[in-house]
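Engineer: Residues per chain, in single letters:
4 protein chains.
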Amino acid sequence: MPGPLSLADLSTTNDSDFVAAVGGAYEKSPWVGEVTFKKLKPSASNPIASIAVLHAAMAKIVDLADVDKKLDLINSHPDLAGKAALADSLTEESKEEQSKAGLNSLTEDELARFTKMNDAYKSKFGFVFILAVRNATKTTILKSFEARLKNTRMQEFEQCIAQIHKIAWMRLLTILEPADTGFLTCHVLDTASGKPADDMEIVLERLSGEGQLGVIGSFVTNSDGRLTSGRALTGKDFSVGVYKWTFEVGDYFAKEGAKLAGTPFLTSVPLIFGIDNPEDHYHVPLLCSPYGYSTYRGS
Amino acid sequence: MPGPLSLADLSTTNDSDFVAAVGGAYEKSPWVGEVTFKKLKPSASNPIASIAVLHAAMAKIVDLADVDKKLDLINSHPDLAGKAALADSLTEESKEEQSKAGLNSLTEDELARFTKMNDAYKSKFGFVFILAVRNATKTTILKSFEARLKNTRMQEFEQCIAQIHKIAWMRLLTILEPADTGFLTCHVLDTASGKPADDMEIVLERLSGEGQLGVIGSFVTNSDGRLTSGRALTGKDFSVGVYKWTFEVGDYFAKEGAKLAGTPFLTSVPLIFGIDNPEDHYHVPLLCSPYGYSTYRGS
Amino acid sequence: MPGPLSLADLSTTNDSDFVAAVGGAYEKSPWVGEVTFKKLKPSASNPIASIAVLHAAMAKIVDLADVDKKLDLINSHPDLAGKAALADSLTEESKEEQSKAGLNSLTEDELARFTKMNDAYKSKFGFVFILAVRNATKTTILKSFEARLKNTRMQEFEQCIAQIHKIAWMRLLTILEPADTGFLTCHVLDTASGKPADDMEIVLERLSGEGQLGVIGSFVTNSDGRLTSGRALTGKDFSVGVYKWTFEVGDYFAKEGAKLAGTPFLTSVPLIFGIDNPEDHYHVPLLCSPYGYSTYRGS
Amino acid sequence: MPGPLSLADLSTTNDSDFVAAVGGAYEKSPWVGEVTFKKLKPSASNPIASIAVLHAAMAKIVDLADVDKKLDLINSHPDLAGKAALADSLTEESKEEQSKAGLNSLTEDELARFTKMNDAYKSKFGFVFILAVRNATKTTILKSFEARLKNTRMQEFEQCIAQIHKIAWMRLLTILEPADTGFLTCHVLDTASGKPADDMEIVLERLSGEGQLGVIGSFVTNSDGRLTSGRALTGKDFSVGVYKWTFEVGDYFAKEGAKLAGTPFLTSVPLIFGIDNPEDHYHVPLLCSPYGYSTYRGS
Numbered sequence: 001m002p003g004p005l006s007l008a009d010l011s012t013t014n015d016s017d018f019v020a021a022v023g024g025a026y027e028k029s030p031w032v033g034e035v036t037f038k039k040l041k042p043s044a045s046n047p048i049a050s051i052a053v054l055h056a057a058m059a060k061i062v063d064l065a066d067v068d069k070k071l072d073l074i075n076s077h078p079d080l081a082g083k084a085a086l087a088d089s090l091t092e093e094s095k096e097e098q099s100k101a102g103l104n105s106l107t108e109d110e111l112a113r114f115t116k117m118n119d120a121y122k123s124k125f126g127f128v129f130i131l132a133v134r135n136a137t138k139t140t141i142l143k144s145f146e147a148r149l150k151n152t153r154m155q156e157f158e159q160c161i162a163q164i165h166k167i168a169w170m171r172l173l174t175i176l177e178p179a180d181t182g183f184l185t186c187h188v189l190d191t192a193s194g195k196p197a198d199d200m201e202i203v204l205e206r207l208s209g210e211g212q213l214g215v216i217g218s219f220v221t222n223s224d225g226r227l228t229s230g231r232a233l234t235g236k237d238f239s240v241g242v243y244k245w246t247f248e249v250g251d252y253f254a255k256e257g258a259k260l261a262g263t264p265f266l267t268s269v270p271l272i273f274g275i276d277n278p279e280d281h282y283h284v285p286l287l288c289s290p291y292g293y294s295t296y297r298g299s
Numbered sequence: 001m002p003g004p005l006s007l008a009d010l011s012t013t014n015d016s017d018f019v020a021a022v023g024g025a026y027e028k029s030p031w032v033g034e035v036t037f038k039k040l041k042p043s044a045s046n047p048i049a050s051i052a053v054l055h056a057a058m059a060k061i062v063d064l065a066d067v068d069k070k071l072d073l074i075n076s077h078p079d080l081a082g083k084a085a086l087a088d089s090l091t092e093e094s095k096e097e098q099s100k101a102g103l104n105s106l107t108e109d110e111l112a113r114f115t116k117m118n119d120a121y122k123s124k125f126g127f128v129f130i131l132a133v134r135n136a137t138k139t140t141i142l143k144s145f146e147a148r149l150k151n152t153r154m155q156e157f158e159q160c161i162a163q164i165h166k167i168a169w170m171r172l173l174t175i176l177e178p179a180d181t182g183f184l185t186c187h188v189l190d191t192a193s194g195k196p197a198d199d200m201e202i203v204l205e206r207l208s209g210e211g212q213l214g215v216i217g218s219f220v221t222n223s224d225g226r227l228t229s230g231r232a233l234t235g236k237d238f239s240v241g242v243y244k245w246t247f248e249v250g251d252y253f254a255k256e257g258a259k260l261a262g263t264p265f266l267t268s269v270p271l272i273f274g275i276d277n278p279e280d281h282y283h284v285p286l287l288c289s290p291y292g293y294s295t296y297r298g299s
Numbered sequence: 001m002p003g004p005l006s007l008a009d010l011s012t013t014n015d016s017d018f019v020a021a022v023g024g025a026y027e028k029s030p031w032v033g034e035v036t037f038k039k040l041k042p043s044a045s046n047p048i049a050s051i052a053v054l055h056a057a058m059a060k061i062v063d064l065a066d067v068d069k070k071l072d073l074i075n076s077h078p079d080l081a082g083k084a085a086l087a088d089s090l091t092e093e094s095k096e097e098q099s100k101a102g103l104n105s106l107t108e109d110e111l112a113r114f115t116k117m118n119d120a121y122k123s124k125f126g127f128v129f130i131l132a133v134r135n136a137t138k139t140t141i142l143k144s145f146e147a148r149l150k151n152t153r154m155q156e157f158e159q160c161i162a163q164i165h166k167i168a169w170m171r172l173l174t175i176l177e178p179a180d181t182g183f184l185t186c187h188v189l190d191t192a193s194g195k196p197a198d199d200m201e202i203v204l205e206r207l208s209g210e211g212q213l214g215v216i217g218s219f220v221t222n223s224d225g226r227l228t229s230g231r232a233l234t235g236k237d238f239s240v241g242v243y244k245w246t247f248e249v250g251d252y253f254a255k256e257g258a259k260l261a262g263t264p265f266l267t268s269v270p271l272i273f274g275i276d277n278p279e280d281h282y283h284v285p286l287l288c289s290p291y292g293y294s295t296y297r298g299s
Numbered sequence: 001m002p003g004p005l006s007l008a009d010l011s012t013t014n015d016s017d018f019v020a021a022v023g024g025a026y027e028k029s030p031w032v033g034e035v036t037f038k039k040l041k042p043s044a045s046n047p048i049a050s051i052a053v054l055h056a057a058m059a060k061i062v063d064l065a066d067v068d069k070k071l072d073l074i075n076s077h078p079d080l081a082g083k084a085a086l087a088d089s090l091t092e093e094s095k096e097e098q099s100k101a102g103l104n105s106l107t108e109d110e111l112a113r114f115t116k117m118n119d120a121y122k123s124k125f126g127f128v129f130i131l132a133v134r135n136a137t138k139t140t141i142l143k144s145f146e147a148r149l150k151n152t153r154m155q156e157f158e159q160c161i162a163q164i165h166k167i168a169w170m171r172l173l174t175i176l177e178p179a180d181t182g183f184l185t186c187h188v189l190d191t192a193s194g195k196p197a198d199d200m201e202i203v204l205e206r207l208s209g210e211g212q213l214g215v216i217g218s219f220v221t222n223s224d225g226r227l228t229s230g231r232a233l234t235g236k237d238f239s240v241g242v243y244k245w246t247f248e249v250g251d252y253f254a255k256e257g258a259k260l261a262g263t264p265f266l267t268s269v270p271l272i273f274g275i276d277n278p279e280d281h282y283h284v285p286l287l288c289s290p291y292g293y294s295t296y297r298g299s
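Protein chains in written order, with UniProt numbering: chain A, 1 to 299; chain B, 1 to 299; chain C, 1 to 299; chain D, 1 to 299.
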């Protein structure tokens with residue numbers, strides 16, 4: 001399998017190569033790629049700036065399509081852990097996605113449960129259940145299944161289209177080289193004293209496909225509570241995946257002379273977060289006191 | 001070494017046995033135990049209700065002592081990683097505490113650094129540096145050392161007394177059986193929808209002395225966002241130590257049909273916290289949305 | 001106009017009186033009330049427990065109706081500030097709702113803007129724009145209008161049904177006496193010291209229809225950080241409306257001897273919140289340090 | 001009374017004028033100003049950069065003074081609402097401070113209560129009770145009084161010195177023109193969707209000495225959730241005082257199509273905060289979802 005395609009190269013292909021490259025983002029629906037090419041008219045002088053721009057353009061075309069065309073798109077997807085999977089007649093993309101979620105190695109019981117769900121869903125709504133499963137566990141999938149069976153047909157129609165857009169996004173990420181605009185920053189604030197947390201040690205790790213953590217950086221906050229290096233990750237190092245900060249909050253407050261318990265409430269604070277958009281700025285800060293903290297996806 | 005003493009038994013000992021049992025809480029200062037016995041007059045009909053009550057009584061006696069007596073108390077402590085340690089002439093309590101912090105296995109350089117710090121501290125303040133080290137790392141100790149050298153003598157005098165109270169607390173915890181009043185509760189709130197998080201899976205683990213995590217409970221939140229079992233830990237299971245919650249936030253929001261990224265920002269949320277007071281109620285909740293969360297020591 | 005009807009009385013009416021009483025909750029669609037009566041079969045021995053139960057039953061009937069019936073329901077609503085309003089041919093309910101939002105006193109320009117929006121919306125989606133306006137300002141309505149014009153038809157179809165359910169809820173609240181199950185509680189936590197905030201003064205006010213605040217209670221937190229009275233509001237006093245807590249955070253931290261600035265960052269902390277469901281438990285806590293705080297709708 | 005003195009002018013005065021200008025920052029203790037002048041040796045080529053720098057230098061001199069000198073400094077302060085006040089023999093500074101706190105208009109009972117407190121405090125600790133009262137209410141003062149009477153002598157000695165530093169800071173602020181480095185910024189984050197809150201309306205008001213709010217700015221957040229103007233206040237407009245943000249959170253979420261209650265939990269969110277250091281950067285953000293929010297003193 002070749003490496004990912006650059007946005008520059010994609011922008012200079014002809015329509016058929018364009019569709020061959022990214023048309024698969026929407027299951028068995030090359031028309032989405034075709035119309036997108038006509039709309040964007042990509043070229044060396046009019047390059048596609050980012051995967052996000054391309055995805056937004058493709059998604060808009062789907063959103064503007066009429067109900068029947070959307071219904072066809074939905075039904076062009078295979079059941080999760082369904083007959084097509086057993087018969088090994090999935091598209092490459094679906095095959096990889098379902099296997100990453102472990103749907104190709106279900107027990108008899110699990111398989112039966114999925115079949116039952118798929119049938120119940122189809123008989124209620126008249127179309128197939130769609131869920132972006134690349135990063136989902138069996139538990140997550142079954143929980144979503146149960147919950148969504150309670151929705152109305154319209155809610156599910158919308159939900160399926162939303163899931164399809166999400167699947168397309170993840171497929172484009174495997175095909176294309178993201179624009180070099182994403183990076184990760186951090187900030188630690190001491191909410192007990194209302195000032196930036198100075199000289200706090202932080203470690204950043206990345207979770208491998210096998211679920212192993214690997215250290216990719218060690219940092220110390222400066223007097224503004226930020227990383228002396230400014231950005232923790234940039235460029236190619238800033239890629240889709242699951243990351244973990246570990247903040248040495250205990251050492252920091254001990255140094256500050258805070259009134260800590262013999263066994264402090266907080267010592268090392270772990271923070272696990274996912275990066276879905278490698279072209280975006282992720283600001284993942286920590287607001288902490290000796291007895292509590294909060295964090296969020298900032299920008 | 002015998003098991004911990006019950007508060008009932010302690011309450012029915014005579015004064016000398018009382019001092020023998022708990023007098024060591026304050027380094028080489030049996031007078032604290034002696035006066036405490038006279039004040040509390042413990043007996044079968046007037047038992048000591050909790051370690052907290054005993055500790056408060058002992059601490060008050062120290063706080064009310066005059067400056068010279070406090071200075072003697074401070075100076076009755078050995079240097080951290082100092083000559084006494086090398087000469088193996090520490091009290092049993094100090095010996096155990098310093099070894100738990102790894103101070104009995106310092107490198108040449110570390111030892112030199114500690115000696116330098118101890119001397120600088122004593123020459124500036126005229127008394128020894130005191131820090132409750134049972135649960136501290138070398139890093140924490142050295143950071144505190146550096147930070148506290150910047151204080152005024154009075155601030156350090158107060159700080160040392162505070163540390164001595166903390167040491168006494170931890171010593172009493174190793175000697176006595178805590179009152180059976182402590183327990184751990186949890187609550188998960190979905191701040192995106194403003195309702196309790198129903199049906200979220202939570203695992204509770206405990207960190208062993210060797211730093212290994214061991215599962216001690218698996219829970220699912222009820223419709224009020226609380227544990228169906230109410231309390232996660234009670235009685236003897238609720239002991240001093242370091243614990244870890246893992247909240248399956250990703251599964252919960254997937255089930256709720258929240259708009260999640262292909263690689264969700266939050267999936268499994270880990271929360272590591274210490275329990276210092278086994279007689280107290282610890283409420284350790286999670287307030288979460290798909291893009292952020294906060295936690296704190298509640299009650 | 002008579003006082004609100006009790007759930008007991010509603011439960012013992014015959015079908016036609018039932019529909020006369022609550023059928024108007026869904027605009028010009030008595031069928032919703034009729035089917036609801038058949039489903040619930042209310043009686044003295046089978047009373048309707050709460051407005052929430054009734055509303056859920058009515059909403060379910062709408063959700064299960066087919067698309068055409070839902071479309072009729074949507075289109076049975078008048079334009080906001082539309083011809084029907086000018087011609088004064090609104091239902092009593094719509095008339096009151098639109099006037100509360102100030103839509104009966106628009107300037108020429110505003111009227112033109114609404115007309116333009118209504119037409120744009122109808123020409124794009126083929127049905128009328130619906131928004132629960134009883135508590136909305138012109139700004140809110142116009143902002144929603146602009147935002148929703150960007151949605152897909154399906155999204156708007158769902159959005160309109162959701163708004164209709166909200167309108168029905170608010171109409172039922174004006175018709176019926178809520179079950180006596182709702183109450184308001186508070187909790188103040190000191191996140192700097194990790195303990196409940198003891199002895200903090202709190203005032204509760206209620207916003208009148210004219211936007212005037214009136215004190216309805218003064219409280220002091222107990223050692224658990226809760227109101228000594230437990231509940232701040234219960235029964236009939238706990239009604240739909242806008243409320244305001246004022247927490248004397250500055251006095252509390254001054255008393256605690258916290259290191260505060262000469263002009264403290266926090267002094268009196270105001271917290272304005274709305275109560276929409278008089279049958280529910282609202283827990284509105286404050287987590288505060290001298291330099292920050294957070295609050296949320298708890299339960 | 002002349003306008004505030006510029007740091008440039010202060011830096012070029014001789015020692016006696018320097019002491020005349022700022023020596024009063026520490027009650028009846030010109031020696032602090034004298035030693036400070038010797039240390040800083042201010043001049044046109046070596047100007048004092050900020051009030052903070054000057055205050056830190058003066059505070060350090062006090063901290064390094066011996067216990068007796070500190071005790072003299074403490075005891076050079078008058079009782080709060082004490083005989084000196086009645087006899088009108090206070091320094092100008094103390095007189096203004098005590099009157100701002102309303103201590104010059106106490107009832108018989110209040111006066112008696114203060115006298116009782118002052119006597120209890122002096123008989124326990126041997127020196128006078130000191131509290132920076134310029135921005136404190138009678139309630140705050142009495143609560144601090146009661147709380148601090150429980151401390152040890154050393155704790156109170158430290159507390160008094162800390163209060164004296166705070167008093168000096170506030171006195172310097174009335175004498176000198178602050179450096180032009182302070183400003184106010186804001187950021188609004190939508191924690192429900194994990195993105196900056198775009199197009200939210202915010203109003204900034206300032207509380208006058210008479211407790212009246214006056215609008216000083218209206219803002220709208222940009223796509224990064226920040227003020228298009230970047231800074232809300234800078235230069236002379238950014239002065240010591242009490243300010244209020246009002247965030248139109250309800251309009252924002254209505255526009256976002258969030259599932260809001262008929263009577264939304266959050267509509268206009270008020271946030272009252274004090275600015276103590278006009279030379280500093282105050283970042284006062286809002287993290288909000290439809291059902292909760294948090295804020296803090298950032299930087």
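Careful: at least some of the hints might be erroneous.
Since the list gives no way to pick out one identical chain from another, each pair is judged satisfied if it fits inside one copy or across any two copies.
[What the hints assert, rightly or not] With a cut-off of at most 30 angstroms between alpha-carbon atoms, the simulated DSBU-like pairs for lysine-lysine come out as follows: (1) K259 x K195; (2) K122 x K69; (3) K41 x K83; (4) K41 x K28; (5) K244 x K138; (6) K122 x K28; (7) K38 x K138; (8) K259 x K116; (9) K39 x K244; (10) K39 x K100; (11) K244 x K41; (12) K150 x K28; (13) K195 x K143; (14) K150 x K259; (15) K138 x K41.
Worth flagging that the hints you see were computed from the coordinates, not collected in a lab.
Engineer: With reference to the structure, classify each hint as holding or not holding.
Structural biologist: To see whether the hints hold, each was checked on the structure:
1. K259 x K195: For K259 and K195, the Cα distance is within 30 angstroms both inside one copy (17 angstroms) and across copies (12 angstroms).
2. K122 x K69: This pair counts as both: shortest intra-copy Cα distance 18 angstroms, inter-copy 23 angstroms.
3. K41 x K83: neither (39 angstroms within a copy, 45 angstroms between copies)
4. K41 x K28: For K41 and K28, only the intra-copy Cα distance (22 angstroms) is at most 30 angstroms; the inter-copy one is 50 angstroms.
5. K244 x K138: both (23 angstroms within a copy, 24 angstroms between copies)
6. K122 x K28: Within one copy only: 20 angstroms inside a chain, 34 angstroms across chains, cut-off 30 angstroms.
7. K38 x K138: Classified as neither: same-chain Cα gap 39 angstroms, cross-chain 41 angstroms, threshold 30 angstroms.
8. K259 x K116: Between. Shortest inter-copy distance 26 angstroms satisfies the 30 angstroms Cα cut-off; intra-copy 57 angstroms does not.
9. K39 x K244: neither (40 angstroms within a copy, 48 angstroms between copies)
10. K39 x K100: neither (34 angstroms within a copy, 46 angstroms between copies)
11. K244 x K41: Answer is neither: 40 angstroms inside a copy and 50 angstroms across each miss the 30 angstroms cutoff.
12. K150 x K28: both (28 angstroms within a copy, 27 angstroms between copies)
13. K195 x K143: between (42 angstroms within a copy, 19 angstroms between copies)
14. K150 x K259: between (50 angstroms within a copy, 17 angstroms between copies)
15. K138 x K41: Neither: 41 angstroms inside a chain and 42 angstroms across chains, both beyond 30 angstroms.
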